[in-house]
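Protein chains in written order, with the UniProt record's numbering: chain A, 1 to 242; chain B, 1 to 242; chain C, 1 to 242; chain D, 1 to 242; chain E, 1 to 242; chain F, 1 to 242.
The hints are simulated quantities; they were obtained by calculation from the structure and are not laboratory data.
Misleading hints may appear alongside valid ones.
Copies of the same chain look alike in the list, so a pair counts if it works inside one copy or between any two.
Result set (DSBU-like, lysine-lysine): computed pairs, CA atoms no more than 35 angstroms apart in a straight line [unchecked claim]:
(1) Lys74 - Lys104
(2) Lys141 - Lys46
(3) Lys54 - Lys74
(4) Lys104 - Lys224
(5) Lys104 - Lys220
(6) Lys46 - Lys104
(7) Lys7 - Lys220
(8) Lys74 - Lys46
Everything numeric in this text was worked out from a predicted model, so none of it was measured.
6 protein chains.
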Amino acid sequence: MRLDGRKPDQLRPLTLIPGFISSADGSVLIQCGQTRVICTAMVEEKVPPFLEGKDQGWVTAEYAMLPGSTRTRKARGGSKPDGRGVEIQRLIGRSLRAAVDLQKLGPRTITLDCDVIEADGGTRTASISGAYVALALCCDKLLRQGLVQENPVIHQVAAVSVGKVEDIAVLDLNYPEDARAQVDMNVVMNERGDFIELQGTGEHDTFNEADLQAFLRLAKLGIKEIMAAQTAACTETNAQEG
Amino acid sequence: MRLDGRKPDQLRPLTLIPGFISSADGSVLIQCGQTRVICTAMVEEKVPPFLEGKDQGWVTAEYAMLPGSTRTRKARGGSKPDGRGVEIQRLIGRSLRAAVDLQKLGPRTITLDCDVIEADGGTRTASISGAYVALALCCDKLLRQGLVQENPVIHQVAAVSVGKVEDIAVLDLNYPEDARAQVDMNVVMNERGDFIELQGTGEHDTFNEADLQAFLRLAKLGIKEIMAAQTAACTETNAQEG
Amino acid sequence: MRLDGRKPDQLRPLTLIPGFISSADGSVLIQCGQTRVICTAMVEEKVPPFLEGKDQGWVTAEYAMLPGSTRTRKARGGSKPDGRGVEIQRLIGRSLRAAVDLQKLGPRTITLDCDVIEADGGTRTASISGAYVALALCCDKLLRQGLVQENPVIHQVAAVSVGKVEDIAVLDLNYPEDARAQVDMNVVMNERGDFIELQGTGEHDTFNEADLQAFLRLAKLGIKEIMAAQTAACTETNAQEG
Amino acid sequence: MRLDGRKPDQLRPLTLIPGFISSADGSVLIQCGQTRVICTAMVEEKVPPFLEGKDQGWVTAEYAMLPGSTRTRKARGGSKPDGRGVEIQRLIGRSLRAAVDLQKLGPRTITLDCDVIEADGGTRTASISGAYVALALCCDKLLRQGLVQENPVIHQVAAVSVGKVEDIAVLDLNYPEDARAQVDMNVVMNERGDFIELQGTGEHDTFNEADLQAFLRLAKLGIKEIMAAQTAACTETNAQEG
Amino acid sequence: MRLDGRKPDQLRPLTLIPGFISSADGSVLIQCGQTRVICTAMVEEKVPPFLEGKDQGWVTAEYAMLPGSTRTRKARGGSKPDGRGVEIQRLIGRSLRAAVDLQKLGPRTITLDCDVIEADGGTRTASISGAYVALALCCDKLLRQGLVQENPVIHQVAAVSVGKVEDIAVLDLNYPEDARAQVDMNVVMNERGDFIELQGTGEHDTFNEADLQAFLRLAKLGIKEIMAAQTAACTETNAQEG
Amino acid sequence: MRLDGRKPDQLRPLTLIPGFISSADGSVLIQCGQTRVICTAMVEEKVPPFLEGKDQGWVTAEYAMLPGSTRTRKARGGSKPDGRGVEIQRLIGRSLRAAVDLQKLGPRTITLDCDVIEADGGTRTASISGAYVALALCCDKLLRQGLVQENPVIHQVAAVSVGKVEDIAVLDLNYPEDARAQVDMNVVMNERGDFIELQGTGEHDTFNEADLQAFLRLAKLGIKEIMAAQTAACTETNAQEG
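Chain A extracted, bound-state conformation (with noise of 0.2 angstroms):
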């Protein structure tokens, strides 16, 4: 039994609100419990140097946290940088090229900038999942716009972490939780159940073998539930733009 009286193979309350930003060319408000990710996807019809005149796009990350998202007031980064901050965001764009077939993109870019409103554990998880959606409504837009001719999105990628707390291997931890976890794992995989990234840390512990296959079990149960309801949002927008 967990702080929140979850068990321990269950995902706390998701929800997905497609076209949360209307500016935007993608996005999506995923709530996880109480972390709330505000998610767009922006294209911009340019590449960066590295890339120019090689007839493929790119798709990178932007992470941060809004002020008031945590108890405390976080400050703004800005001219120091914050490293947490850039783990996250290469992490997040790095899963997010996995799903994308880069030459079907064509020369542009297409920026995914993931900002937290409300921060309770599994941030960077959560950006994960709603920058898929963010991507996949942005794709969608882009092919009815005629801007590409196939879909460059390839792979459906969802993200959740894992983590032993009081010896016990648990899934989707919370704050409360992933303050006091011996190990924590965040999984990043797509839609045949192969791994895009696996990243464990045991600050406080160390983990064998063992952990890691209870670990990999629980991720795949949630990634399948998150899948579902990413499935969920993206037919339900197409319904109403289609």
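Go by the hints and put chains B, C, D, E and F onto chain A.
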């Protein structure tokens, strides 16, 4: 007849969702037509260096736009300071300090963060009107917690933009109007109808005293209506908390 | 009777030394009582990116205070942006663009640098009034050099501060008055008496429409006198150059 | 058969030169094939603000590449933060904190600086393995100086990269292999074979559980060998010092 | 015969206007031909961290050029540090510390700000010679105020440039000479004719010992003349103050 | 008799290890007693903006100290520019440009990176003497590759420090001597014995012409010896490459 069908003295539809961010000490989502701003108030039990030992508190503000809030992605601030944002956050801070008795607040700082999630003109005045609600809810909480003896909020503050578009004085400009406005004026008032700030700019044209009278008449009308909505939002929240 | 013996509607002694910096394309040392600002205008044969290919020029401004300009040394700007300075230089830029026909200027940029060498209140309005002289002398030079066909300066621009001190409306506040002012308003006008910018701030108090009328009456008087001094400075210089 | 003639489970030639920097409190030059990193440990008798008064120490890391360490000159960091470097130095810091009992260290900070002087793949894992030696030598010195009563180093830590290249799982990738790797995984372990960090990335491809098993088997082999070299380097130095 | 008609051993016309900035603790406008620098000395009652508790003061310098001081507008410093300016302000600081007994100064800092308002070569040596006057006037004021018991200024310091232009050794180069100089040397001396700093640079050519002798002879002549002007400026001011 | 037993005119033991960094176009590890600097030369096929279209190349330098190079950890540069480092890297760049015919180099840039791995005084002169070797080896490689027709290196350049310690003129100061030196002078010469740079500083004392003669005599002796070591290092390398 205006671009969006409004009359010259008509506000855009206005919605205030108090308590939008549960981690913050006070918060609201303010929506003025397509312009949407998350305003949060956060308390820190310290004051800036220039007030140390002076037995009073401080109120300050920060303003930012999310990258997806405009049709063309807006790069995040950071190393390059954005002059417009600096100007706006100084205006918000000055305006809201006029609402508060800093002695009654005691030696603590309230930071008002205004994060624009969708921008369609009038983001600075929406930020001020929303920040007032976040500030008032935050001070109500300080009172309930017994951290202050008397409510530090001594005036109600709201703001609206007025301007001249196609030679007609209009209230609450949206972005298409703002872009073609000959004159743009932001008016901040308190509940007695006195001016806190008056900022008129005639970059495309100039204005005379007759224009000024017309602007101020419209601003008073608009601010009265906004104050009614602010009061409703605060009352509703306090009914729930109380 | 004011602190320095002036009447409420009396300007401080005003001196303009045109051509103070011989390396600049236009320059003046403006002295308003103890407030002294070096204003220079420099031409660059390029425009900012957002104007490329648009067949017009640009006028922009920068404002800074020398470290020795205040009784307590003022640290130089640099990595830490100074919000007040940003706000002021944006005001100067907007005000002076109202003096110029940017098409007539052609695809070049004039930068107006206002460096305060001694500060005793009213540095932003002194900067605007001085920057006009630097700009006008610079455009006279462009005409003499045949780089422009018609004079791009189409309006005269000057500024002055007004405010309420000890419940009396006064003109051209010095620093001791400014520090205790209930209300402070900066007014920028052209030669027709129309407003370009109007910025009133009531941080210590608020103001009503009667106050506003009193402020505007004083501002008109002051600006008329400043414009006479500007005209004399420009005429004298052109007599020497011509 | 690999590009450089190694077998899939074969490390590159490994050399550790302890005491390479005599001004540092602990140091080593680690060479893994053509990858060479100078690792130093420096003691400061203070802790970061968040640990003040908590009666424990801190271990942190910084990572940088010398401009001449790559075939194309790598610009120094500085005003533009380098996301990859931030990510790496956070990984090094977390990994080495798992080696230390921060209470036994007492209220001081050990900074582990890893400066890559030649880069040929695997610089982050070489940095971790080298940083362990610098840290251990530094703590031996603290013991000899009587600044700590018990050795704060409670675990041995080493790291290696594994990956999939041309569909084969291989150990300790050099740069040409890394550039074409389908999957890249960094594994950090302690002397008991438990995991401290596990970071697998499949940017060009994904990986499944069978791949994961193969990676972990190779990593164990490699880390065992690296730990033997670490032990030899520390023993040799202590024999000289003792 | 030089470009501007001077003899090889002739200084440019030199003017010193002491007390140019009345808000500063000491100040001068130094004019060497077309080169003009505002030098101010400001006292702060604190010392840098490395001198805390050491019962001595500190003298430091900052150097900047106004944007209009050169024919092509010079961008302000700030985020991009300007190497040349850093080098110059370190030279000014070291030179003026040689004028002062830091124990007699007591635990306070004098900052010497040298702001070039017009640049025509030799700005760093003009800054040193001017900064000495600002420093001396500032210390006279400290004495009059009773903040120091003895005058901390124990040496007179002045500087001049010398160089080789068209194979001739010349004194006090203006910008056209400096731009074509084969060798450029800055010499800082005290009133006894001893060297404080000697910086010779042969970027376009090299120099030998005979050249060096010729340079030093010219420098002595020039510095003697500058010191006479410094003394006159200080005496005149003290006569007025006394 | 000096602190470390050397005679006044004796260099510290000098070792040059050419080719120390195999990824660089030219490199050396220079060791002068306990002072050790890695110098690399890297070629980029472009020139800085101010040389575009001028048909010549550029040589520039960067200087940094590793955090572990001093007994007290030296924080890395970055956002806060380090004035001393800026001053040093400008000196290195100017000195080495005197070694090269920039026309013969063609439109490319050689960057000389000097990274101090251990600091015991004289790091700037060791950097210059080492940078010459890296530069010479780099130009030899350009010749072998046929990228230049003639060797751009037209002069040999080396540097040494001299100073006055306990009233005695000494050569090649180590850190304990440097810290107590009355006068410190850095001398850069070419193979003809002509001066390229001469920088004498008397922060703790001043110096006269007799001192200067003594310094220059010692510097010549030292530089002759350093040049012999440079020549040996280059010859040895070319024998291997050739």
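What hints, given by number in increasing order, does this structure fail? none
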